[in-house]
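Kindly generate the complete structure, drawing on both the sequences and the hints.
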Amino acid sequence: MISALRVQPFDDPAWDPAATLGKFLGVGIVLDPYPQLGELRKQASVHKIDMRRYLGAPPDILVEDLEKFAVLGWNEVREVFETPTVFSSSVTERTTGRMFGRFLGVMDAPEHSRWRPFFMKAFLPNVVAKWGESYVDPIVTTLIDRFVDRGKVDLVSEFALYYPFLFICRQLGLVPADEETYHKMTLALLCVSIDPPHAEEAKVKLGNYYRARIDECRGKEGDDIITRLANAEIDGEYLPVEIIVSFLRLLLSAASDTTYRTTSNLFTALLTNPEQLDALRKDRSLVPAAIEEVLRWEAPVTFIQRNASRDCTLGGVEIPNGALLDVWNGAANRDPARYPQPDRFDLFRKRDRHFAFSTGPHVCLGQHLARVEMTRAVNAVLDRLPNLRLDPDQPPPQVVGINGRAPFAVHACFG
391 MISALRVQPF DDPAWDPAAT LGKFLGVGIV LDPYPQLGEL RKQASVHKID
441 MRRYLGAPPD ILVEDLEKFA VLGWNEVREV FETPTVFSSS VTERTTGRMF
491 GRFLGVMDAP EHSRWRPFFM KAFLPNVVAK WGESYVDPIV TTLIDRFVDR
541 GKVDLVSEFA LYYPFLFICR QLGLVPADEE TYHKMTLALL CVSIDPPHAE
591 EAKVKLGNYY RARIDECRGK EGDDIITRLA NAEIDGEYLP VEIIVSFLRL
641 LLSAASDTTY RTTSNLFTAL LTNPEQLDAL RKDRSLVPAA IEEVLRWEAP
691 VTFIQRNASR DCTLGGVEIP NGALLDVWNG AANRDPARYP QPDRFDLFRK
741 RDRHFAFSTG PHVCLGQHLA RVEMTRAVNA VLDRLPNLRL DPDQPPPQVV
791 GINGRAPFAV HACFG
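Take the sequence shown: its position 273, counted from the start at 1, is 663 in my numbering, and no numbers get skipped.
In case anyone wonders, no lab produced these hints; they're calculated from the structure.
Some hints could be false.
Claimed, not checked - Pairs of lysine to any residue residues, derived as SDA-like cross-links and limited to a Cα-Cα distance of at most 25 Å, are as follows:
#  : residue 1 : residue 2
1  : K542      : D668
2  : K438      : Y424
3  : K740      : L676
4  : K511      : V631
5  : K438      : T703
6  : K511      : D605
7  : K610      : S524
8  : K595      : E606
9  : K595      : D402
10 : K438      : Q426
11 : K595      : S393
Note that this is a predicted model, so its numbers are computed, not measured.
Put into structure tokens, the structure is as follows:
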């Protein structure tokens, strides 16, 4: 149901958060960090190093005062994620938590253990499976209708970029005219370490909107995210409003941006490996394998930050209390000790565990939704765009960036 509530726009309507954020993420600066990550991993699984500076990207000024380590090996990444009593999530209060608020990602036990079940209840597999048919399918159909008769498409700007974003907009009950404003606001939050004033403005205005929506939805029935969270109850207790607000501030980045990037990366992998695309076209039972392989090959988020809550040793390296760890789940997913020919996309690869959604107590709540969205989107594209292939008149796609990697475009033709 479309709400009558509105998202207030920026005071400066000309400000472009996408351009600002792109510089910070290293998009266009770092084409492919994996060769450098691989060379470092050959030397050791853990390094005392500021990886952003090493890769040539702008530093994160919010954590400049901390000792920094990079965790690259599969076993060491798993150890960090699965030992939260030693490797805390609290450092994110200084980074993403500064703008999103006190969401699950900044919490350690026992606080995290107390509130996570409420969110899990709202994102159960049987719940998100229903969203696939009722929300995702109509959006995907509408988007494909716009270019299905043309014979050519940019699968990023005309499809992957929009279907998960529009899903979130429908779930939030946004007035259609507010969708662009909402998108700009959520991107602005990610710019906190390089443009605090605009990020703070977005934090306040989105917070005001979300509080009003929670109040509107509480006590009512509905299958959308806000209604489910507003009315989630365990042992007679509701989620605190500010925890819901913090989660909703994070929502577009966590559920939309990552899914768009992974879908774009999957199209890149399939179209540049036409024999695998052909196999997938003929046997749709391979779609889950293709999705898991792209999650391993190009994780939607390539590193996650933790900090040591006490002096410890990791991978033979001494880590002091309070140190920052950039935990490179993307590098772990390409550890040759775990995956043969790890830099190659291969949907026929023997299935193995990956860290695209992290692991341990902070494993991604939205992983089931992401898989549902990508499964339905990929099947719809294969159903409606016969003989899908790279457009020979356009440059081939290239995945770029550091954290949050994706191609700028995936030009394809069909028919």
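These are the hints, each one checked on the structure:
Taken as a hint, the K542 and D668 pair is honoured in the structure, with Cα atoms around 18 Å apart against an allowance of 25 Å. For a cut-off of 25 Å, the pair hint linking K438 to Y424 stands: about 18 Å separates their Cα positions. With a CA separation close to 12 Å, the supplied pair K740 and L676 stays within the 25 Å bound. Taking the CA atoms of K511 and V631, the gap is near 16 Å; set against the 25 Å cutoff, the hint holds.
With a CA separation close to 12 Å, the supplied pair K438 and T703 stays within the 25 Å bound. Taking the CA atoms of K511 and D605, the gap is about 20 Å. The hint holds against a cut of 25 Å. Of the pairs offered as hints, the one joining K610 and S524 holds, with about 19 Å between alpha carbons and a cut-off of 25 Å not exceeded. Taking the CA atoms of K595 and E606, the gap is near 17 Å; set against the 25 Å cutoff, the hint holds.
A threshold of 25 Å between alpha carbons decides the hint, and for K595 with D402 the separation of about 13 Å falls inside it, so the pair holds. With a C-alpha separation of about 15 Å, the suggested pairing of K438 with Q426 holds against the 25 Å cut-off. For the given pair, K595 sits about 16 Å from S393 by alpha-carbon distance, which is consistent with the 25 Å threshold.
Hint check: no violations occur; every hint is consistent with the structure.
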